[in-house]
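J.: First to last, the sequence lines map onto chains A and B. For the first sequence, the working numbering assigns the number 1264 to the initial residue and increments by one for each residue that follows. For the second sequence, the working numbering assigns the number 575 to the initial residue and increments by one for each residue that follows.
Honestly, I wouldn't trust all of these hints.
Okay, derived cross-link-like pairs now, DSBU-like style, lysine-lysine, Cα gap no bigger than 35 angstroms in a straight line [what the hints assert, rightly or not]: (1) B:Lys1243 to B:Lys963; (2) A:Lys1304 to B:Lys1243; (3) B:Lys944 to B:Lys997; (4) A:Lys1304 to B:Lys944.
For the record, the hints were derived by calculation from the structure and aren't laboratory data. Keep in mind the model is a prediction, meaning the values are calculated, not measured.
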Amino acid sequence: MPLKILAIDDSRTMRGMLSEALTEAGFETHLAEDGEDGLRKLEEVQPDLVITDINMPRLDGFGFIDAVRADRRHRGLPILVLTTESAQDLKDRARRAGATGWIVKPFHETKLVSAIRRVTGRGV
Amino acid sequence: MTGRDSLRETFFQECEDLLEVMTDGFARLEAAERDPETINAVFRAVHSIKGGAGAFGFEALVRCAHALEDVLDDMRNGRIADAGLVLPLMMRGGDRLFDLVEAERTGVPFDETAADHRALLQELAAARADGSAASPLSAPAEAREEDGFVPTPLAILPLGDAAEAAPDSSLPTLRFRFTPTRTLYINGNDPVALLRALRELGPVTTEATLDGLPPLDAAQWDGAYLSWTVTLEGGASRAEVLEVFEFVAEDARLEFLDEMADAQPTATAVPGIAPVRRLTLGLSSDEAMPPAPGPAPAHASPPVVPSARSAAAHAPPEARQSIRVDLERVDRLINLVGELVISEAMLSQSLSQSGAAQDPAVVTSLGQLKQLSTELQERIMAIRAQSVKPLFQRMSRIVREGAAAAGCEVRLLTDGEATEVDKTVIERLADPLTHMLRNAVDHGIEDPETREEAGKPRQGTVLLSAAHRSGQVIIEITDDGAGIDTERVLAKAVEKGLIPAEAELSEQDIYNLLFEPGFSTAPRISDLSGRGVGMDVVRSEIRALGGRVTLHSVRGRGTTATISLPLTLAVVEGMLIELAGETLVVPSTTLRETMRGTDAAIHRMGAGGPVLVMRGELVPLVDLGLRLGYRAACTDTTERSLLLVESSAGRRAALIVDDIIGQREVVIKGLSENYGQVPGIAAATILGDGSIALIVDVDQVAGNETALRDADTLLSAAGAR
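All chains should be built: construct the whole structure from the sequences, respecting the hints.
T.: Right, dumping it as structure tokens:
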């Protein structure tokens, strides 16, 4: 069974890229358009891992992580945040917000897979 | 199309939407709606453009978006006290974003070193560095402009310095102890996953230390009780190991053990060498979050969580559910429905001919079929319809730039932005609309001083509106400028030889002169309207869309240009006529009146040819049969009918036809693909009986000299009455 990944980004382009890269790498990929949509899909899909953007309308990435971590069932769910900045303070914020790790945009597929491996212990 | 290409396409499509959000946001901010969510929305839009652009390596676009984003970030965080001050600069930056997206889309290289571009980026940087745009050209801009947005390589490690780590890379085996803290678990990290990921670097042997494990009934799910001693072979460097543990750098202790020591995981094995390097101390208390490491950098963004909350509390901008469909598919569908409508008409005709249409059941079913196919047609046409909003938004830039160049102050108001028009019409409307707005700003709106003298506000207003009216789309451009100087227009037309000096023209005729090729009243060649494109091009472009454009003006009060367009380019309401045994269609939009030949008063007017006299107005006669080459000139109009038509230029003519059959909606079938341009014929359609009817190009048959000559021939043949 390939890993089920839920990718959340409000940008259609980014969703396309994530979907392409993840599917290419052999993951089962599901997409959501913002934090709220992400919370809905989370219940639907029950993913093994979530990748989420930070800046999004309605519910942003931090809000999404808050909501997920507040739910005992999802406390151990790995969540990687996508950030355009590799600035340390952003990573710190992500970490403090409860993110498992981060991926710097623009990402390379190998970086993506390596980050996934580090939080799931699996390649696919 | 490869995946990459289609993603590129997606990116450009998305940019359109994002730029729309941005322009919309700026317009709201300009209207002093300082809703934080507005700034957030603009920020997100620019941010998304930057993100996508980065993925495709559109560096210039990334840099410009980044510069804008920085200022927006300051705006939304209140670091810029008066957003109104930086807004004009932001709008210019937004315009540049449009240019850059366009440059990438078309592959036309964009000169990033151009002085005005550099200046713009500097101003943006200055707006930010100073916290206000008060001194937009101050110095700190220089440094920022150069560094732009460059993704810095992954920073790993708050561990010692790199020089120390480097020599280790040659060592064949690394040993270290890994002690997770509770946060590591809470954040969803899994020690086992990390240890597995290590296998990428070489053979891994792990040994768990269970000393800290409490009795099971006292253990918490997220308690940090375990630690591991790891032996990694294969010559991986410390840096590589640290990269694997990057995400947990602050949530675990990583102690590198001396390679020479035996299995004892102690920190004191070899004196003289610091055997244990503590990566970072994780937190020890349970709930507390670690403090932010060191002072926050100057440009640190504060948490955005509150804004997300407020966004959720606000009425969320309704997410339109939509899918993107290739236009070609829609067009194929439209074509098919067109065929369906024709088949339906044919069926209904043959049923009535066979007498089967008397059967009530047939009548009912046929009625339903007709209703369904009509509705289907309307719905499918609606797929092609798009709101004029993005088009109108683009125009605000035209006005802004136009006003700056012409030295006047203008604000653009828009109305009816939700009005939907066929996609092709919208696309082809951009150029004429641009030109007309430039004209309004350049020739219409006076400079502020002149306006004040005239008792008008310094700032001129241009209203761009769209509306559906009686089956047509009406777009109006109204300015409160000086109005059209009819005397000057007349003088100019005479000077250019467009009209004889003694000509007496109605107001409308004079306005129409402005649409004549080569006519220009601009006393100077300006950047804006003096580009060799005149209003004649505007008219021909509108006409090509099956529309018409008219002007109305009041001296000193302003001018209104009205463009009327068909709702769709695929169907036309037409009058079916008979001519030499053929059926033809005259578009209803051109039709003004019909009359019997017997009732018509035809006169010969000097050298101008025969005319129809109607309520004191003289209208040239056009013998359509002769004009289209169906037959010789007709000698008697009494048994025939006359159609009074008006070309899109406002020129009237009376078409002589054999008979009028009736009004009908017909599906337009292009001819030019198979036959090229046929003079006097715009297109064709298929009638209910399956026969083909040509659609008359009224502009051609009624709008030029040939029409007059035809009429002349007719009268010579018939003899003036």
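J.: All the hints need checking, so say for each whether the structure fits it.
T.: Hints, verified against the model:
With a C-alpha separation of about 30 angstroms, the suggested pair Lys1243 (chain B) and Lys963 (chain B) falls inside the 35 angstroms cut-off, and the hint holds. Pair hint Lys1304 (chain A) plus Lys1243 (chain B) does not hold up; C-alpha atoms about 47 angstroms apart against a cutoff of 35 angstroms. For the given pair, Lys944 (chain B) sits about 26 angstroms from Lys997 (chain B) by alpha-carbon distance, which is consistent with the 35 angstroms threshold. With a C-alpha separation of about 43 angstroms, the suggested pairing of Lys1304 (chain A) with Lys944 (chain B) is violated against the 35 angstroms cut-off.
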